[in-house]
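Residue numbers (the numbering used here): 1 to 453.
Hints are supplied without guarantee of correctness; some may be wrong.
Said to hold, decoys possible - Listed below are the simulated EDC-like cross-link pairs for lysine to aspartate or glutamate, each with C-alpha atoms no more than 16 angstroms apart in a straight line:
# : residue 1 : residue 2
1 : Lys247    : Asp440
2 : Lys307    : Glu292
3 : Lys133    : Asp162
4 : Lys204    : Asp221
5 : Lys451    : Glu438
6 : Lys247    : Glu126
7 : Lys326    : Asp221
Bear in mind the hints are in silico, worked out from the structure with no lab data behind them.
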Amino acid sequence: MLRILCLALCSLLTHARADPGALLRLGMDIMNQVQSAMDESHILEKMAAEAGKKQPGMKPIKGITNLKVKDVQLPVITLNFVPGVGIFQCVSTGMTITGKSFMGGNMEIIVALNITATNQLLRDEETGLPVFKSEGCEVILVSVKTNLPSNMLPKVVNKFLDSTLHKVLPGLMCPAIDAVLVYVNRKWINLSDPMPVGQMGTIKYVLTSTPATTASYIQLDFSPVVQQQNGKPIKLADAGEALVFPKGHAEGSSQLLLPDTLLSTELALLQKSFHVNVQDTMIGELPPQTTETLAGFIPEVSVAYPKSTPLTTQIKIKKPPKVTMKTGKSLLHFHGTLEMFAAWQRGKAPMSVFLLEVHFNLKVQYSVRENRLQMATSLDRLLSLSRKSSSIGNFNEKELTGFITDYLEEAYIPVVNDVLQVGLPLPDFLAMNYNLAELDVVENALMLDLKLG
Numbered sequence: 001m002l003r004i005l006c007l008a009l010c011s012l013l014t015h016a017r018a019d020p021g022a023l024l025r026l027g028m029d030i031m032n033q034v035q036s037a038m039d040e041s042h043i044l045e046k047m048a049a050e051a052g053k054k055q056p057g058m059k060p061i062k063g064i065t066n067l068k069v070k071d072v073q074l075p076v077i078t079l080n081f082v083p084g085v086g087i088f089q090c091v092s093t094g095m096t097i098t099g100k101s102f103m104g105g106n107m108e109i110i111v112a113l114n115i116t117a118t119n120q121l122l123r124d125e126e127t128g129l130p131v132f133k134s135e136g137c138e139v140i141l142v143s144v145k146t147n148l149p150s151n152m153l154p155k156v157v158n159k160f161l162d163s164t165l166h167k168v169l170p171g172l173m174c175p176a177i178d179a180v181l182v183y184v185n186r187k188w189i190n191l192s193d194p195m196p197v198g199q200m201g202t203i204k205y206v207l208t209s210t211p212a213t214t215a216s217y218i219q220l221d222f223s224p225v226v227q228q229q230n231g232k233p234i235k236l237a238d239a240g241e242a243l244v245f246p247k248g249h250a251e252g253s254s255q256l257l258l259p260d261t262l263l264s265t266e267l268a269l270l271q272k273s274f275h276v277n278v279q280d281t282m283i284g285e286l287p288p289q290t291t292e293t294l295a296g297f298i299p300e301v302s303v304a305y306p307k308s309t310p311l312t313t314q315i316k317i318k319k320p321p322k323v324t325m326k327t328g329k330s331l332l333h334f335h336g337t338l339e340m341f342a343a344w345q346r347g348k349a350p351m352s353v354f355l356l357e358v359h360f361n362l363k364v365q366y367s368v369r370e371n372r373l374q375m376a377t378s379l380d381r382l383l384s385l386s387r388k389s390s391s392i393g394n395f396n397e398k399e400l401t402g403f404i405t406d407y408l409e410e411a412y413i414p415v416v417n418d419v420l421q422v423g424l425p426l427p428d429f430l431a432m433n434y435n436l437a438e439l440d441v442v443e444n445a446l447m448l449d450l451k452l453g
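Could you build the full structure based on these sequences and the hints that come with them?
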């Protein structure tokens, strides 16, 4: 019975945590935004301004009245990762505390101090968002100078200073740490919001578990949710292999890893947008799109259409587009049909000349514009042609390989690139500017090496 229970528990644990659909690794370069957050929020100055105000429930400090804090120094923040815990934070700063002393005169205490705390990056159970939480805040005095008379007994002065500072500083400085984290946490708030992929659907990045902290980075695992316009989700394809960051990145740097299966799922939203109906006779550098031109490749066309007749072409993508990635190269696979029509008689619907099943690959170049992933394609090669139907009898469709290849390059690829201009949304966190990222195609994934500029 015990063995059965163990097997059942292991099975539950195995299925409880799905393989991530995207990985985010935050190095110290990104986490140092805590420094900028403290600067941007001016939280220490605000805390200093509040220090002299009477707070509800706060007891007066014996020996000092009219307490004020001024001349707060620009803080220097040091961060270190604590594996399995979070980030150890040390804030070094200084300030001047003034007031009326127990001797009746004006008193100044100039202090230099360190504030230390451990910041954990957790997953908020209610919102599902990452959230920083501080614990174990301590205030450590580095140096103290005062204008109290030098003829006072040192023990009396030290006792007074120790009592005063230990009452004032923790209540003043520790809330500053919490306030800064609240400020930083606001920068996660848009992370799980659905983001549009053109007009066809949305994607949102859902945090799957509590972020994991190592000695070099914090890793967040996402399970992206891709939904059609009608709200119906599109299931991510099985990656087959575990998603892992490649080795060789700079110590302390940050990366986002997007598997090819995720990009394929997002492009599935655009599948119908890749259908085209081309009626132009003159297209780019191609010869005129007429039965006369087509007869140069398939003689049977001239028998059915002795007079030159304009052609129209319809391409439909029958399977969801698929992205594949090998180190340094990414391909976009299309499986569909290509059907050519000829106008048989004026005023009547065009008649199908033939219907071909086609499979072709496009080479993909990636970039980022306005914080969206952009894809630009060019034809890699036409992989297969097979005749599905024909109104002109049997013919060797392989003779059309060159004609169809040129047609795809000139007439179809520009349509694909136009559709792809909608861009694919990237995770919105910590006001990240993806436009500065360096992109690299790795095995089964696209890696964005994140930069702060």
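Consistency of the hints with the structure:
For a cut-off of 16 angstroms, the pair hint linking Lys247 to Asp440 stands: about 13 angstroms separates their Cα positions. Restraint check for Lys307 and Glu292: satisfied, since their Cα atoms lie roughly 8 angstroms apart, inside the 16 angstroms limit. Restraint check for Lys133 and Asp162: the C-alpha separation of about 29 angstroms exceeds 16 angstroms, so the hint is violated. This hinted pair checks out: Lys204 and Asp221 have alpha carbons roughly 13 angstroms apart, not beyond 16 angstroms.
Taking the CA atoms of Lys451 and Glu438, the gap is about 8 angstroms. The hint holds against a cut of 16 angstroms. Our distance criterion of 16 angstroms between C-alpha atoms is broken by Lys247 and Glu126, whose separation comes to about 35 angstroms. With a C-alpha separation of about 22 angstroms, the suggested pair Lys326 and Asp221 falls outside the 16 angstroms cut-off, and the hint is violated.
The structure fails hints 3, 6 and 7 (numbered hints given earlier, in ascending order).
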